[in-house]
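S.K.: Construct the complete structure from the given sequences, taking the supplied hints into account.
Going down the list, the protein sequences come from chains A and B. 1 is the number of the first residue of the first sequence in this note's numbering; add one for each residue after it. 1001 is the number of the first residue of the second sequence in this note's numbering; add one for each residue after it.
Think of the hints as simulated: they come from the structure by calculation, not from any bench. Since this is a predicted model, take the numbers as computed values, not measurements. Virtual Cβ for every residue (Gly too), placed ideally from N, Cα, C. Heads up, a few of these hints could be off.
Stated by the list, open to error - Partial list, derived from the structure: chain B residues whose beta carbon lies under 7 Å from chain A: (1) E1070; (2) Y1129; (3) A1151; (4) I1155; (5) I1158.
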Amino acid sequence: MRHLFKTCLLFYCLLWGMSAQAELVIEVTQGNDQAVSMAVSPFSWTGGKVLPEDPAAIIDNDLKLSGLFKALPRTSMLSFPASEPEVYYRDWRLLGASYLVTGQVTLRDKAYTMNYQLYDVVRGKRIAKGGFTGNSAQLREMAHRISDVVYEKITGLKGDFSTRILYVTAQRHDAERTDYQLNYADADGKRNRKVFSSSEPILSPSWSPDGTRATYVSFEQGRPAIYMQELATGIRKKLTGFKGLNNSPVWAPNGKSIAMVLSKDGNPDIYILDLATNKISNVSTHYAIDTEPDWMPDGNSIVFTSNRGGSPQVYQQELSRKSDGEFITTGKPRRLTFEGRFNARAKVFPDGKSLALVHKGEGAADFNIAVLDLDTDRLRLLTSSRLEDSPSIAPGGRRLIYSVQGGKNGELGIVSADGRVKQRLPSAKGDVREPAWGPAIELR
Amino acid sequence: MQIANVVKAASMAVAALWLAGCASKKEPTTAEIQPPVVTVEEEVLVEVQPVLDPAVQAVIDSGRIDESPEEIQELLEKNTYFFPFDSARLDNDAYKALDVHAAYLTSDMGYMKNIVIQGHTDERGTRTYNLALGERRGKAVMDYLAAKGVAANRIEVISFGFEKPLDPEHSESAWSLNRRAVIVTE
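M.R.: Structural data, given as C-alpha cells:
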C-alpha cells in the first residue's frame, strides 16, 4: 500500500515539476521554530484526464510561506484521505500533525468545484468546510482561497494568500543597454505575467485598491511620466508628463485619487490627482525635497519623506477634499521619525498604527527595513542586509516584501512583521526590484 | 611679435589636436588607409591659417574666459560633474568648466542650442528619494548656467536617480563615479 503512495507521489512530482516555470522562487532563509504542524492530503479528482494544478501542494506551500506553519511531507503520510470518513485521527496524531486538510475537485460543464475540509487532529473533529467554483484558470485562486480560510480558522487572522505582487526586473547588458520589465505574479511567486517592458527605466509601481489597474513611472520617452494600465486588457493611459519629476504614484484607499511627486513648479512636492475631476492639488510646498507619499487608511492624511529638517525624515500632513476635487492641507506637517539620519519611503500598515520604512541609523552604513510604532515612537529593525529599499505591506499587515541590493543581483525579500520569518526571492536573471503587494483577488 | 607667434603656434597645436580628435572618432575605412594622394588643393589648404575649434573660438571671442585655447577646449569637453554623498554642491573645478560652457552657450554660435542636464545618484538610499536628489544635482548645474546668462527655458533637467550608473559595482569608488550631473547638448 505504502509503495503505491510513493509511486503516486512520484507521478505527482513529475507532473507538477513540468508545469512550474516561475521566475520567482521563494527560499526560506529564516523559519519559525514554533510553527504549527499541518498536513494537507492530496485532493481527490473526478473529471477524467489530469487536473492541471495540485491544490494540496499549493495550499501546503502557502501555509509554509506564512511562516506560522510547517507542512508534513507527503512521503511521511500513512494515507491520503480524500474525505471525512477516510480520516483516522490517531494516524495523524502519531505523525505529529495538529491540523489536517482534505479536499475534492469535480468538473461539471467546464466548471471546476473545489471543496475542502479542515480537521483539528488533537480534538478529533472537523472545524471547517466549504468550496469554491471557477474555471480551469482559477484553480490556483481557489486553492489560495482555501489557504486563506485555513489560516484564518486557525490563527483568527485574515490570510493574504489570494494576492499578487507587482515588481520590476532589470537586465543590464552593458552601460548603454538595460532591459526593464514590469511584471506581476501570485504571492507564492507563481504565474508571472508581463505588464510592460522598455529599454528605459520603470519605477514605483502601485496597485489600484480593486486590483484591476497598476500605475507606474516609465522613462520610455526619455523623461519620466506616470502611466495607468489595466492589467486584464493592457490598455494604458499617460496620467502625467510634466517637466521634471513625475513619480511615486500611490492610490488613495478609496481609489478616487492618486498622490504623486511632481517638480513642475520648480521643486519636488507632493501633489494629488483627483481622478473624477482631473484636478491636481499641491499639498506640500516646502523648498526642500518632498517625496514618497503614502496614504493613511482613512484617506484623510498622507505621510511623505522630506529633507526639510536637514536629513530625509517622514512627515504626516492632514488633508481635506473639497467638493470640486481640490485637496487642501489642514494644519502643518508633523514630523514622525527622529531616530537616525535617514528614514524614507514609508508605507502605512493597514491598521494605521505603524509605518514600514527604509532606515539608516546614526553612524550606520546600511539601509534597512524598519517598523515604527506610531503610538510609542519605537523603531524596530526587521532586516539586516546592506542596501534595502521599497517596503510594501501585504493586506492584513502580517508580511512585507522589499528589495535587497548590494550583492551580485538585486533580489526581493519577504519578512514577517514580527521579523521572525524571512524569505528571499532571487531572480533567474538580472535584478528584481520595486515590489508592490496588491489587494486580495476576488473570485467571481 | 614674439607673443603673437606663440599664440599662433599654440593655436596650430590645438587645431592639430582637434583634427586628430575628430579623425579618431570614426573607424578607419579601407579608403582612409590608402596613402594620401597629394594634390595642389591640399597644398593650398596647408597655407591657410589653422583654425580653432569654432566652439573654442566662440568662447575666446566672448572675452569672458581668460584661459588658453587648450584649457578652454578641455573645459568645454568636461560635461560630467561629480558630487559628494547626499549633496548637490558643485566644486570649484565644476564652476570653472561651467563658466566656459556658459560663455559658449551665450555666444553667437551657442545661443540657439538647448541643453539637457541629467542628474544621477549612487545606489544608497531609496530609488524614489534618489530621483529627487538627482534632480537637485541637475538643478545645481542649471542654476549656475542660468546665473551666467543662459536662459533657463533652454535647459531641461532629467533625473535618473541611480537607474543609470556609470559603474554598477557596490563600492565607494563606483558610488563616487555615479553621483554626477551630465550636460548633453542637443
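S.K.: All hints are to be evaluated individually against the structure, with a verdict given for each.
M.R.: A quick look at each hint next to the structure:
1. For B:E1070, the shortest C-beta to C-beta distance to chain A is roughly 29 Å, which exceeds 7 Å, and the interface hint is violated.
2. Satisfaction of the interface hint for B:Y1129 is found here, the shortest Cβ-Cβ separation to chain A being roughly 5 Å, below the 7 Å cut-off.
3. At about 15 Å, the closest approach between the beta carbon of B:A1151 and any beta carbon in chain A exceeds 7 Å, and the interface hint on this residue is violated.
4. Given hint, B:I1155 at the interface with chain A, is violated; its Cβ is 11 Å from that chain's nearest Cβ, farther than 7 Å.
5. The beta carbon of B:I1158 is positioned within 7 Å of a beta carbon in chain A (closest approach about 5 Å), and the interface hint is therefore held.
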